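Number of protein chains: 2
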Amino acid sequence: MNKSYKEKIEEYRESIDRLDSVLIYTLGERFEKTNKIGKIKAKNNLPTSDHDRELRQIKRIINIANEANLDPIFAEKIFKTIISEVKNNHNKMKK
Amino acid sequence: MNKSYKEKIEEYRESIDRLDSVLIYTLGERFEKTNKIGKIKAKNNLPTSDHDRELRQIKRIINIANEANLDPIFAEKIFKTIISEVKNNHNKMKK
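If you read the sequences in order, they're chains A and B.
Numbering-wise, the first sequence is residues 1 to 95 according to the working numbering.
Numbering-wise, the second sequence is residues 1 to 95 according to the working numbering.
For reference, chain A alone in the conformation it holds in the complex (with noise of 0.2 Å):
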């Protein structure tokens, strides 16, 4: 028999529902790597912002994007929202 498209539907939901928490525990995981840094840089009085990082973190997002096939633009502005609440997290450490 075939599948109604509401059951394909609430298939492809369910898969969703499970990479969502993938996505939710990972991240969680990423801003406890870098509240770490956050720490280590507050103490030593380092610049919140690395420049060159950055440009180096969004080209190897923008690469493995296209690998993945995921809009690498999108990408882009995913990560650009990301590393932004990771320095505003720095910035309130240093206070």
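What the hints contain is simulated information worked out from the structure, not anything from laboratory work.
Mixed in with the good hints, there may be bad ones.
As the list makes no split between identical chains, a pair holds if one copy fits it or if it spans any two.
[Stated by the list, open to error] Within a straight-line C-alpha distance of at most 30 Å, the following computed DSS-like cross-link-like pairs (lysine-lysine) qualify:
#	residue 1	residue 2
1	K8	K39
2	K3	K77
3	K77	K39
4	K87	K6
5	K43	K3
6	K80	K36
7	K39	K3
Just so you know, these numbers come straight off a predicted model, no measurement behind them.
Following the hints, complete the assembly by docking chain B onto the known chain A.
Just chain B now, kept in the frame of chain A:
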């Protein structure tokens, strides 16, 4: 011998780069699924938006973010950006 703070930062950055690969490939997989839903919706002339589904998604994301020690306000922001991109893609498929 104690690691210098530069070595510690370098180690955390290597983890962050690996986590970014996970994020990008997971997002790639997520858009693969939402694109399949988009095709079904376009074929069957279904609406792009599903307000109830979105509300359930955001509620679920906030709950998981709290478990994952991820700022729920930030999680909501990121996922609203993702969901908005999905809806744009679905609208393009209808044309």
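Checklist line | Which numbered hints fail | finding: 2
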